[in-house]
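There are 2 protein chains.
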Amino acid sequence: MAKNFADKLLEAVKKKGTPICVGLDPNFEKLPKFLKEKAFQQSDKSPMSCAVDAILEFNKGIIDAVADIVPVVKPQIAYYEIFGHNGIWCYEETLKYAKSKGLLTIADAKRNDIGSTASAYAQAFLGEVAFGEGEAEIIIPGFDADAVTVNPYLGWDGIKPFIEEARKYEKGIFVLVKTSNPSSLDLQDLQMKDGSFIYEIMGGLTDSWGATEIGEGGYSLVGAVVGATHPVQAKRLRMLMPNTIFLVPGYGSQGGTAEDVKVCFDKDGLGAIVNNSRGINYAFEKMPEFGENGYAEAARKATLAMKEDLARVL
Amino acid sequence: MAKNFADKLLEAVKKKGTPICVGLDPNFEKLPKFLKEKAFQQSDKSPMSCAVDAILEFNKGIIDAVADIVPVVKPQIAYYEIFGHNGIWCYEETLKYAKSKGLLTIADAKRNDIGSTASAYAQAFLGEVAFGEGEAEIIIPGFDADAVTVNPYLGWDGIKPFIEEARKYEKGIFVLVKTSNPSSLDLQDLQMKDGSFIYEIMGGLTDSWGATEIGEGGYSLVGAVVGATHPVQAKRLRMLMPNTIFLVPGYGSQGGTAEDVKVCFDKDGLGAIVNNSRGINYAFEKMPEFGENGYAEAARKATLAMKEDLARVL
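Chains U and A supply the protein sequences, listed in that same order. As numbered in the numbering used here, the first sequence has no gaps in its residue numbers, which increase by one up to the final residue, 320. As numbered in the numbering used here, the second sequence has no gaps in its residue numbers, which increase by one up to the final residue, 320.
The reader is advised that the hints may include incorrect statements.
Said to hold, decoys possible - The list that follows gives simulated cross-link-like pairs (lysine-lysine, DSS-like), each with its CA atoms no further than 25 Å apart:
#1 K51/U / K36/A
#2 K22/U / K105/U
#3 K241/A / K36/U
#4 K20/A / K166/U
#5 K51/U / K102/A
#6 K105/U / K9/U
#7 K21/U / K273/U
#8 K273/U / K313/U
#9 K20/A / K313/A
#10 K20/U / K241/U
#11 K36/A / K174/U
#12 K51/A / K102/U
#13 K199/U / K199/A
#14 K36/U / K20/U
These aren't lab readings, by the way, just hints derived from the structure by calculation.
Bound conformation, chain U alone (with noise of 0.2 Å):
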């Protein structure tokens, strides 16, 4: 067994001393006003271009406020794809600058097709394409998430290509098992004839997945996405996927709980990460004390809770 994603997610989890994920989903409209104003200064640029800008220093004071504290970040590509090619851009200077603070980057795209395609989005966001031979090789270097989350309902030939392109360059991959929202009920929580739920079927499928890819601690580079909302199936899951750490998406400003996330982790207090993003991202609106010009602090001060939130039940 060779070390793999899941083993260094997880000692950085161990050096960190928190389990913690921090989100990076910048809604422009939430952004603190100076950096906006900041930003608009700028006249030489388009608007568009100007409003990456300020996402991209709100990002970096996040990054700052929170690097020393916690393992992992995830940027949510949907709030950037927003802004088209610029947002984009953003994204790539987003991951480029949690990596160089020492951060693992998931990017949380729930990218989904068949083979051939499912092979294009695993080089664009874990890999890299290489054109050419010699000289004129050209080399796409990709996005270069540590890992991307994947949506299953094609089954096994679009989630192999991922698996493929993250055993070649030590990442992971997040299988959406069962997702932290109301409606996950609608085909997630379907029932088959022998009593089991579409959710146990996708959760044993995707240990299976990831059965031949176990690294030194025991854990698969094939996680999977459970929600904190759903603390009944996530302790199922957890029985189901001895092998397959889980992102936990859904505390805070969902509705999860530290109790409610305690079932994901196994007995050493291991083998899940839990991802926070309104609530460490906005967390400026809800203290006064800092302000919007204080909105890293506020940020660093609500991980500094959820730390311990989650450290009373762990």
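Given chain U, put chain A in place with the hints provided.
Coordinates of chain A only, in the frame set by chain U:
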């Protein structure tokens, strides 16, 4: 009932006399050499920027060759995302160019997320984002595609924001129901207690999600992706989803024939569009009489042959 995206699409199909959708899935390795050489002569540009210039010129050639004979094109965003923000610029330019030639556009992105994030994707692909008010208002235009493909694994609240944006801008969505790939059976063909299959349940849900969005022609702005490679399932879905337009991938390179796609249409020979990507994009590989330099003419000839092939059965 007001006119909706389905009406626009069916009008375009009738006007062109064929339900062909041309996929624009540019694989850089497979592009004609003369296009790559020309692009890489631009010494002032980065290799990545030269590469996407070659792709854009390739796409324009295909679009020019088919614009008068087909109603709609479908660029697959994975093949652009692989080039990062340069690739997304190329995606935007491809959509704009197709629109300028009178074509409808489907962004094949298979996007999905929880409600709040799905809203950001919906705005990115179909709508626009406005910040501020009055003179300070900034409008971010988005990709402005006529429709986008979406993945239903997260259920209704991940689909609803796309429908809301689509309604606002006379646009549409296509929900993945039964995909064309072999592994689609992993989840989609699981059988429930009452004997029904997951693809049938998702088909029923998709039809119900579109029930309030029906246009003058009897079809909803909520369409479905149903693969040509599964004619038995497609026939069943056509019965279950009377108000849903099918986007049918898998014809040609993936093995689907005209006979296979026939079941996707209604009694008037409408209600579906059939996609072909590789068989048209790289038609020149199988038509030595055109050569690489004649890739666009080869694409036109392949499209006309497909039109005849489909007309035979409709």
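Evaluation of the provided hints:
no.: 1; hint: K51/U / K36/A; verdict: violated (36 Å)
no.: 2; hint: K22/U / K105/U; verdict: holds (15 Å)
no.: 3; hint: K241/A / K36/U; verdict: violated (48 Å)
no.: 4; hint: K20/A / K166/U; verdict: violated (40 Å)
no.: 5; hint: K51/U / K102/A; verdict: holds (22 Å)
no.: 6; hint: K105/U / K9/U; verdict: holds (19 Å)
no.: 7; hint: K21/U / K273/U; verdict: holds (18 Å)
no.: 8; hint: K273/U / K313/U; verdict: holds (18 Å)
no.: 9; hint: K20/A / K313/A; verdict: holds (13 Å)
no.: 10; hint: K20/U / K241/U; verdict: holds (23 Å)
no.: 11; hint: K36/A / K174/U; verdict: holds (24 Å)
no.: 12; hint: K51/A / K102/U; verdict: holds (22 Å)
no.: 13; hint: K199/U / K199/A; verdict: holds (4 Å)
no.: 14; hint: K36/U / K20/U; verdict: violated (33 Å)
Hint check: violations occur at hints 1, 3, 4, 14; the rest are consistent with the structure.
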